[in-house]
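Taken in sequence, the protein lines are chains X and P. If you count by this note's numbering, then the first sequence holds residues 689 to 1090, one letter each, in order. If you count by this note's numbering, then the second sequence holds residues 689 to 1090, one letter each, in order.
Source of the hints: derived by calculation from the structure; they are not laboratory data. Some clues are possibly wrong.
Remember, identical chains collapse to one label, so a pair may be satisfied in a single copy or spanning two.
[Stated by the list, open to error] Derived lysine-lysine pairs resembling PhoX-like cross-links, with alpha carbons at most 20 Å apart: (1) Lys1030 - Lys798; (2) Lys701 - Lys798; (3) Lys778 - Lys1030; (4) Lys902 - Lys690.
2 protein chains.
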Amino acid sequence: MKNTIAALAKRGKEAGIQAATLASQRKNFLLLEMAKALKKSARLIFKANAKDLKSARSKNLSPAFIDRLTLNEKRLNESIASLKALAKLKDPVGEVVSRWRRPNGLFVAKVRVPLGVIGIIYESRPDVTVDTAALCLKSGNAVILRGGSEALHSNTVLTAILRGVLKRNGIDPNSIQTLPNISHEAIKTLLSMDQYIDLIIPRGGEKLMAMVRKLSKIPVIRHDKGVCHIFVDRDADLKMAEKIILNAKTQRPATCNAMECLLVDKKIAGRFLPPLLKNLKNKGVKVYSDEKFWGKEFLNLQLAVRVVKDMDQAMEHIRQYGSLHTEAIITQNKKRAEKFLKEVLASVVLVNASTRLNDGYQLGLGAEVGISTTKLHAFGPMGLEELTTTKFVVRGSGHLRE
Amino acid sequence: MKNTIAALAKRGKEAGIQAATLASQRKNFLLLEMAKALKKSARLIFKANAKDLKSARSKNLSPAFIDRLTLNEKRLNESIASLKALAKLKDPVGEVVSRWRRPNGLFVAKVRVPLGVIGIIYESRPDVTVDTAALCLKSGNAVILRGGSEALHSNTVLTAILRGVLKRNGIDPNSIQTLPNISHEAIKTLLSMDQYIDLIIPRGGEKLMAMVRKLSKIPVIRHDKGVCHIFVDRDADLKMAEKIILNAKTQRPATCNAMECLLVDKKIAGRFLPPLLKNLKNKGVKVYSDEKFWGKEFLNLQLAVRVVKDMDQAMEHIRQYGSLHTEAIITQNKKRAEKFLKEVLASVVLVNASTRLNDGYQLGLGAEVGISTTKLHAFGPMGLEELTTTKFVVRGSGHLRE
Chain X
689 MKNTIAALAK RGKEAGIQAA TLASQRKNFL LLEMAKALKK SARLIFKANA KDLKSARSKN
749 LSPAFIDRLT LNEKRLNESI ASLKALAKLK DPVGEVVSRW RRPNGLFVAK VRVPLGVIGI
809 IYESRPDVTV DTAALCLKSG NAVILRGGSE ALHSNTVLTA ILRGVLKRNG IDPNSIQTLP
869 NISHEAIKTL LSMDQYIDLI IPRGGEKLMA MVRKLSKIPV IRHDKGVCHI FVDRDADLKM
929 AEKIILNAKT QRPATCNAME CLLVDKKIAG RFLPPLLKNL KNKGVKVYSD EKFWGKEFLN
989 LQLAVRVVKD MDQAMEHIRQ YGSLHTEAII TQNKKRAEKF LKEVLASVVL VNASTRLNDG
1049 YQLGLGAEVG ISTTKLHAFG PMGLEELTTT KFVVRGSGHL RE
Chain P
689 MKNTIAALAK RGKEAGIQAA TLASQRKNFL LLEMAKALKK SARLIFKANA KDLKSARSKN
749 LSPAFIDRLT LNEKRLNESI ASLKALAKLK DPVGEVVSRW RRPNGLFVAK VRVPLGVIGI
809 IYESRPDVTV DTAALCLKSG NAVILRGGSE ALHSNTVLTA ILRGVLKRNG IDPNSIQTLP
869 NISHEAIKTL LSMDQYIDLI IPRGGEKLMA MVRKLSKIPV IRHDKGVCHI FVDRDADLKM
929 AEKIILNAKT QRPATCNAME CLLVDKKIAG RFLPPLLKNL KNKGVKVYSD EKFWGKEFLN
989 LQLAVRVVKD MDQAMEHIRQ YGSLHTEAII TQNKKRAEKF LKEVLASVVL VNASTRLNDG
1049 YQLGLGAEVG ISTTKLHAFG PMGLEELTTT KFVVRGSGHL RE
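Using the sequences and the accompanying hints, generate a full structural model.
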């Protein structure tokens, strides 16, 4: 198995050299061709997905799981729309991020280049397969995909379609590959291939994260859990606070940027909390006030609530129980808002806005491969730029080191 | 030991919270105070260094090693000058890298923030201790230093002086700490402390790199070896080529950005090489034409030379034997120069300039903690900016996710 995976990673590296030099126009054409090919093969895709769904149901997997695994017409159309939107976004490769001239006449430029080969380990959502493969193509990278084992049939068909488009257009199809063996042993082997793979992005549960952290020789950007807080300050617009809280908790509770813990300044708790809690209850939210629920990622209609002395205690709570993901304050007090925004460390900090807005599309990045909770390289939503690095390009006329 | 190191890392994290919020003026004042304190304690420093030197000599360590270990008046003055220069550089913390307004009125900004706690594992050069501690302070980070065991006395005195300045000014001194236990076991323990430490920068030999790659749960930016090439194209200005080659090989051969392999287009090899090789020999450079020397990092007056068919073969050679560090082409042909600069992947690529210019000061970053050969986060010389990350700061007025 080690040799198979090494050969696959090596093929990815070679294909990546070509992918890195593809012109923007060509990449955009390929993305539109992929959109067409997916539309044309819809029936094939649904058939493969039905196999995965059948097997998942026979294993009694949860309705939420079945939902994420499902590829229906609506979801496929969303993937197709994403491909078309991606074709319109600016190509990050070759962008001159900054340039300057040294006193001795040396010209220095920082230029964006692809990372090379990116390995993505993700959960059983087959729509992620198309999205991430497309983002890697547009950013000039080769990708090795390892989706959840339950989505194997769907992913196999999807990648075959995408690879077919590359092949028909004379591009090395190995810039999009899937790990053929989906065992944990195979992931371990993949994580040791630092001579071929430049970045591993793991998305998923704590067990996967722990394994990747422990075993990867390759740099890792984690898309880890979100234990997101909203702090309602004594000077908050309470009507606004209520709307934001309901949105952050109930609009889509299974996402990593949903609020998991509400912190309320004790000065306003007496009049703010009782009607809010009633409202939350009406929406089906179960509320906990016990401290054993602090720091939990529920991913459903559950919420921890804590009354705090002041903003300092709220910030201390976030420092201790937050996961560097998304933290918000609701207040009309400018000074306190700025202190919170400055001092709270998270990939996204907000004032008077829902935590659910921590998202590449919502924040204007155009697309995202996920939300990084790793501080290095990309902290927060990762768009096309974050799938590249920069190199220094230096132009001299016989310049020496003195 | 595990508990001692965990406690140390935890103290670093706590001190880092304070370090992150220090005003620029205060940090600059501290740097100048450190410069004064080093000057005042010069005799103490030299005494400690003498102990290290005595022990190194008794172990028969190489003259080059002894040289790197030596702290004399000239080197101490250089460190003092660095501190003063650093106080004048722009503070990266709080810088708004970019900002925009979404169509729905949401304000989004990307703001620089410190990384937190940085662990640096380095060779036996005590001047690195002062430089890196100062860079981390200016960029708002806490640092844990683990210098070479042979420099233990020097490093202990130096960090005591720097910590003393922090303490006297009411700053938590634990933002500058050294690993008290310098065993490999202690490094292993440090590499597991991902709950406290945000980044590990290893500088040094292959054994250290392999260990860090294998064991670190913490993100790593490697300052790895440099197998740097210069390719002399058929359209090179041969006089210029000769000067650059002599500079890149002999100006300071023990550095990672010195040239280790020269590639010459066969069209000009016949008239270019004989006088050059004679010249190199006169400078004491030993030249190898055997392919077993390709890909070697000599770090001294040795050089591999290969005659290649054309630029494509040179680029293929670099792809195979280079270390992503520094690669240069000498040519007057604009088209070929641009192709080389675009397609060769290395942290710094140059045309008509010496590889020795891959350096934070030379390229205008003002200071550097080293040269990263890791593509993620920072590729090439790492200055103050590269010791920070960015977070998204979002200002709304009741914005929800639709």
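Right, here's what the structure says about each hint:
no., hint, in the structure
1, Lys1030 - Lys798, "between (28 Å within a copy, 12 Å between copies)"
2, Lys701 - Lys798, "neither (23 Å within a copy, 32 Å between copies)"
3, Lys778 - Lys1030, "between (31 Å within a copy, 19 Å between copies)"
4, Lys902 - Lys690, "both (19 Å within a copy, 17 Å between copies)"
The structure does not agree with numbered hint 2 stated previously, though it agrees with all others.
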